[in-house]
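A.B. asks: In case you want the letters, here they are:
Protein chains: 2
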Amino acid sequence: METVSENRAFGGTQGVYRHTSTSTNCEMTFGLFLPEEAKDGPVPLLWYLSGLTCTHENAMTKAGAQAWCAEQGIAIVFPDTSPRGEGVANDDAYDLGQGAGFYVNATEEPWAPHFQMWDYIAEELPTLLGEKFNLDMDRQAITGHSMGGHGALTLAMNLPGRFKSVSAFAPISNPTASDWGRKQLSAYLGDDEAAWAKHDASLLMAEVGFDGPVLVDTGTNDQFIDLLKPEALANAVATKRQHATLRLQKGYDHSYFFVSTFMEDHVSFHAEALYGE
Amino acid sequence: METVSENRAFGGTQGVYRHTSTSTNCEMTFGLFLPEEAKDGPVPLLWYLSGLTCTHENAMTKAGAQAWCAEQGIAIVFPDTSPRGEGVANDDAYDLGQGAGFYVNATEEPWAPHFQMWDYIAEELPTLLGEKFNLDMDRQAITGHSMGGHGALTLAMNLPGRFKSVSAFAPISNPTASDWGRKQLSAYLGDDEAAWAKHDASLLMAEVGFDGPVLVDTGTNDQFIDLLKPEALANAVATKRQHATLRLQKGYDHSYFFVSTFMEDHVSFHAEALYGE
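Going line by line, the protein sequences match chains A and P. Just so we're aligned, residue 3 is where the first sequence starts under the numbering used here, counting upward by one. Just so we're aligned, residue 3 is where the second sequence starts under the numbering used here, counting upward by one.
Same shape as in the complex, but just chain A (with noise of 0.2 angstroms):
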């Protein structure tokens, strides 16, 4: 693992740290804050995954995640959205290939070779996380926007015990249904969609759910609040009775405008969760 930058910030430290991937066979980049406080001893872990078209760094550099992460002493990472350089296929669209990875193990090809994002978030970058810095795997939540949301929630609801909580801004809530899912879910599982089923938050919440809180943002006026479809997620959380919190946000977009805007209050929710006991 490299060190790509640290620059101190809020007392801590936000890095951006390279390594090789051998889930997605290639290069892969991530930035981390560490607190003040993971000098003196392991702490707590938030993920935030991005949307389509981000890399590590643009909830790192526009989220102001880091001032809120540094009051209540934990960390944040940013991992890429998909695997990246030119060995790796991509696709002219915004929407498929290099920056909208979908947080799927890709099985098609040109895919399948570098296309393992469930893989590299779910397992190779925490065991790295683990090792390298000081950490608290034994306490973790997650989060993210749009993409990154349904990937937060698909993740949460299928490792069970991993998180603590998880929450989202604006995401994608029932790709299955929607043509924000259902070319991307088509080209990288093949079209067998048995095979999706895992990873649409609407299907997992009415069938598994979440064992702990969830908070889903979106704005009401979402450019994309159509391709999210809330309100499958609306329905599986309240026919489900999950604990949840699910709010509309007068007049917001999908910008990270919207994003930091409630920032603050994500944070204080996975923290409560992650110093609840």
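Quick caveat, the hints were computed from the structure, so don't treat them as lab data. Watch out, some of these pointers could steer you wrong.
A pair counts as met if it fits within one copy or between any two copies, since identical chains are not told apart.
Result set (EDC-like, lysine to aspartate or glutamate): computed pairs, CA atoms no more than 20 angstroms apart in a straight line [stated by the list, open to error]: (1) K185 <-> D94; (2) K252 <-> E39; (3) K41 <-> D140; (4) K64 <-> D255; (5) K64 <-> E8; (6) K252 <-> E8; (7) K185 <-> D97; (8) K185 <-> E110; (9) K64 <-> E266; (10) K252 <-> E38; (11) K252 <-> D42; (12) K252 <-> E73; (13) K134 <-> E29; (14) K134 <-> E8; (15) K41 <-> E73; (16) K252 <-> D228; (17) K200 <-> D181.
These figures come from a predicted structure and were not determined experimentally.
Knowing the structure of chain A, use the given hints to seat chain P on it.
C.D. replies: Structure of chain P alone, referenced to chain A:
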């Protein structure tokens, strides 16, 4: 004036606007965050002047200022750092020409026709803002980063009564004695150094000072600290017996991670001055 975008943020609105400037003879773009309180009546205005290579966008997306301005009910404006466009003179260097206006009125060719950033920030943009938005122009404060810290300090001291308070992040503090300054002042203003003095914060501080509180933060690990010369400003402040707080922040560098870390302090500092009377 044309609205480029408006995003809801922290209960208010983050807008981007474009207009034809009579000072710089080109289209100019600026960001303006208006807190929710601006719906009900005029709100105080904080100026944020950016550094070399920046546009109106950098601080608007990376400094995290809106959270604190919303909390205090203060508007914040993010002007561009120079004229721009095809007909505007430029230089291959990052620190001269477009993105590097240095907040002066150029008298020399090829810069003079467009590089009138002093007039733009001191006269034209305040007039426009006062006309178009619900701002209390009797309550203004100013801050900035690097070249923008230089701009904030020199505007504040040259326009007595305009600003209730001035602060700066890692300001270029003594440009007449630095490679960040001599090159640009010579290019824009010519070789007569008498014309440079009103654009040097340390010289101004020794000569006239500021009728209000001053706050300056610089990182001890700032990679450009030898160009910034905080020691010149510190010496002038102490000699002048200026009401001021100068802080060297251990381990911080020149990045926006440094700026965002101390933004809450700076906004609180200005709020106290703006609401003090």
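A.B. asks: Give a verdict on every hint.
C.D. replies: Now the hints, each set against the structure:
1. K185 <-> D94: Intra 14 angstroms, inter 44 angstroms, cutoff 20 angstroms: intra-copy only.
2. K252 <-> E39: Between copies, since 16 angstroms is at most 20 angstroms while 36 angstroms is not.
3. K41 <-> D140: within (18 angstroms within a copy, 46 angstroms between copies)
4. K64 <-> D255: both (15 angstroms within a copy, 18 angstroms between copies)
5. K64 <-> E8: Answer is both; intra-copy 17 angstroms and inter-copy 17 angstroms each pass.
6. K252 <-> E8: between (37 angstroms within a copy, 14 angstroms between copies)
7. K185 <-> D97: For K185 and D97, only the intra-copy Cα distance (9 angstroms) is at most 20 angstroms; the inter-copy one is 46 angstroms.
8. K185 <-> E110: Intra 13 angstroms, inter 58 angstroms, cutoff 20 angstroms: intra-copy only.
9. K64 <-> E266: both (13 angstroms within a copy, 16 angstroms between copies)
10. K252 <-> E38: Between. Shortest inter-copy distance 13 angstroms satisfies the 20 angstroms Cα cut-off; intra-copy 36 angstroms does not.
11. K252 <-> D42: Between. Shortest inter-copy distance 18 angstroms satisfies the 20 angstroms Cα cut-off; intra-copy 42 angstroms does not.
12. K252 <-> E73: Between copies only: 18 angstroms across chains, 27 angstroms inside a chain, cut-off 20 angstroms.
13. K134 <-> E29: within (17 angstroms within a copy, 50 angstroms between copies)
14. K134 <-> E8: Cα proximity of K134 and E8: one copy only (15 angstroms, versus 42 angstroms across).
15. K41 <-> E73: This pair counts as within: shortest intra-copy Cα distance 15 angstroms, inter-copy 31 angstroms.
16. K252 <-> D228: within (16 angstroms within a copy, 48 angstroms between copies)
17. K200 <-> D181: within (17 angstroms within a copy, 59 angstroms between copies)
Taken one by one, the earlier hints all hold for this structure without exception.
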